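Asks: Listed below, chain by chain, are the residues.
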Amino acid sequence: MSNSPVLFALDALTGALFLLTALGIVATRQVLASLQLFVLQSLLLTISAVLLGIAEQSVHLFAVAAITIATKTLLIPWLLRRIVREEVYGTREIERVLNIPSSLLIAAGLIILAYVVANPLLGAIAVPFVRINLPLGVAAMFLGAFTIAVRREAVPQLLGLLAVENGVFFAGVAIVPNLPVIAELAAAVDVPVITLVVGMLTRRIHARLGTTAVGQLASLREG
Amino acid sequence: MELAGILLIPLLASAFSLLPIGRRFAAPVTIIASAIVLGLAVAVAAEAARTGQVAASGEWLTCDGLGALILLLVAFVGFTAAVFSWGYIAESAKHGRRKSIRLYYCLYNLFVLSMLAVPLLANVALMWIAVELTTLLSAFLVGFDDTPEALEAAWKYVILTTLGAVLALLGFLILYWGSRIAGLEPFTWVGLVEAAPRMPAALLWPAFLFILVGFGTKVGFVPMHTWLPDAHSQAPASICALLSGVETTTVLYVILRLFPVVGVAPGLDARPWFIGFGLLSVAVATLLFIHVRDFKRMFAFSTVEHMGIILVAAGLGGAEAHLGAAFQITGHAIAKSFCFFAAGITVLGMGSQEIASVRGLVRSSPLAAIALLVGGFAIAGAPPFAVFVSELVIFKAGLASGQYLVVAALAVLVVIAFCAVMLHINRMVFGVAENEIHAAIVPMSCKATLLLSAIPLVIIGIYVPPPLYNLLKAAASAMGG
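Residue numbers (the numbering used here), protein chains in the order written: chain V, 133 to 355; chain U, 246 to 726.
Watch out, some of these pointers could steer you wrong.
[To be verified] One side only, chain U facing chain V, incomplete, derived with CB under 8 Å: (1) Ile276; (2) Gly284; (3) Leu381; (4) Ala384; (5) Asp391; (6) Pro393; (7) Leu396; (8) Val403; (9) Ile404; (10) Thr407; (11) Leu408; (12) Leu415; (13) Leu418; (14) Ile419; (15) Pro451; (16) Phe640.
I should point out that these hints are in silico values taken from the structure, not numbers from a laboratory.
Quick caveat, the model's predicted, so the values are computed rather than measured.
Virtual Cβ for every residue (Gly too), placed ideally from N, Cα, C.
When you get a sec, could you build the whole thing from the sequences and use the hints?
Replies: Quick look at the structure:
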């Protein structure tokens, strides 16, 4: 394993931008911007995978990079535009539970929490790239989950879910640089299937209810 | 060979269902396919009970006692639910939605396939994919009725359980990281148990928690259970039987698999977590029972309760408690699927899922009334049913190991839950109806399902055949007890 300081610095930069895109997905007002931020985030994940691939001399990571480019930056936007076109290009503001400043405040708390969660793991094994990727990946994961919680509409919730996935893989490329190929391929199938299933479901909800504000669906309650 | 067959047959049945002739033949073909799968599963389980381990197709597919038990239960409910679907789905899709019948059977077979794959796949990463697919393949089955409520339930189901699965994925990646440090090459359960003592505890611990919380969402542990009563009450009854009876158990199986991995690691104790999550689930489910209004929802809460009981049993530790857990898994899967079949018949007859609108069922639809009563007693844990026996075994094991408080809390909650369930069912069956309702005719296949499902339901509470007992033993020892 080479510990080139240049690669390390580049990965740190990528990680910082990765976290920014996660924050952006929490805060944006429009669906299209959300989708573009997600594509950008996936690109940054790819860059990190390539950097680590060079540093660790791992072919697996180049495969991860190729799969990420193919599925997350090309296939998913295409699928979403096909299945839920009017949702993606709608130019209205996304309904949300919390206003943007308070959302960002909570998001900052979640980033700190991510470092608290990741810290004990870093103490056990000191691999330089893990120090960058693991806490940032966990932070992006938390922010994605938070996005699902504050968004009331279907497509933004789906993008939050995919952002969580991105976060897991951002940590994953550093902690398991040699994941079996079969697992990578399976993951490559998984993400488009999630998009397809959730996208089709969104379409049916829209056709049946005339809205995709899934946060307002509340007929199933106790009492 | 059998193991590969078990995975191949549902795939073929699923492809067949999509053909244009599938409209008429998808149902019988699915029933035949699931019957063959059940036969193969019985053979595999018998071998696992005898030898403790069935390995096939090299390093990809394998099945030990615990895996075989889950496999057997999935295959059994997969078969009975297929028989139930025949009449039930034809009845509920009468109004010109013929194309959706083909889609139903296509997805039905794939959904069952994904659940069968979970206990069979040797590679842990692939198993994660199978668990993830159980959600994605059943999403449209949950929303099959196309009502606003069903779609709402399907949405919550997909988003929350997928989120949980992704959280668990991070746990599995950390586990893989640890196993690499410990020098383990193939990422299998057997290998993990072997490598666990050499893994750094700092990795094992967060991995365990991520998986417990992530997959716990899909099992329906409180407080991650909020989607469960919705999905399990809005899906068609045949799908509810699969979701509640075996899907939850399949995911719980993965968590139980972790127990020996974490158990052998120095300086870790997973038991308090199992007992804590388990008791919380039982307690909250019991409270929700009391003022539940929808009887399918009531059975859904009962699933939360039972998953909690099984988790507590695993957490109590020891061979005896684990045997109780294995028996509880078996009893629950059979009784809960039976309950949902009974609930399905009641819904067909009465056209409502509300407890308040079903009164005097014993006069308007005696079959549904008897089924609900039997199912209620079986699931609430009255003698002579299996759940009663397994709960006694668990209590006894807990007392023997001196964990009096846990056993006392569990016993009180179980008794309250029993009373609440039977009170609701009693009102539905014997209550005085305001106006006489003439229940619709119950399809033949639904009646047949009740009979098929009742056979093991009645038998295993009274008499456990020796091969099944050996299988339960093998399953308990795979849990590390």
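Asks: Taking the hints in turn, state whether each one holds.
Replies: Verification of the supplied hints:
Hint on Ile276/U is violated. Least Cβ distance to chain V is approximately 26 Å, over the 8 Å limit. The beta carbon of Gly284/U is not positioned within 8 Å of any beta carbon in chain V (closest approach about 29 Å), and the interface hint is therefore violated. Below 8 Å, beta-carbon pairs count as interface contacts, and Leu381/U has one with chain V at about 5 Å; its hint therefore holds. Proximity of Ala384/U to chain V holds as hinted, the smallest CB-CB distance being about 5 Å (cut-off 8 Å).
Taking 8 Å as the C-beta contact cut-off toward chain V, the hint placing Asp391/U at the interface holds, the least distance being around 6 Å. The beta carbon of Pro393/U comes within 6 Å of a beta carbon in chain V, closer than 8 Å, and the hint placing it at the interface holds. Because the smallest distance between the Cβ of Leu396/U and any Cβ of chain V comes to about 5 Å, under 8 Å, the interface hint for this residue holds. Proximity of Val403/U to chain V holds as hinted, the smallest CB-CB distance being about 6 Å (cut-off 8 Å).
For Ile404/U, the shortest C-beta to C-beta distance to chain V is roughly 6 Å, which falls under 8 Å, so the interface hint holds. For Thr407/U, the interface hint holds, since its Cβ comes within 8 Å of a Cβ in chain V; the closest pair sits about 6 Å apart. A cut of 8 Å between beta carbons decides the hint on Leu408/U: the least distance to chain V is about 6 Å, and the hint holds. Because the beta carbon of Leu415/U sits about 5 Å from the nearest beta carbon in chain V, less than 8 Å, this interface hint is met.
Given the 8 Å rule on beta carbons, the hint for Leu418/U holds: about 5 Å separates it from the nearest Cβ of chain V. Hint on Ile419/U holds. Least Cβ distance to chain V is approximately 7 Å, under the 8 Å limit. Interface hint status for Pro451/U: upheld, as the beta-carbon distance to the closest one in chain V is roughly 6 Å, under 8 Å. Hint status for Phe640/U: violated, given a least beta-carbon distance of 30 Å to chain V, over 8 Å.
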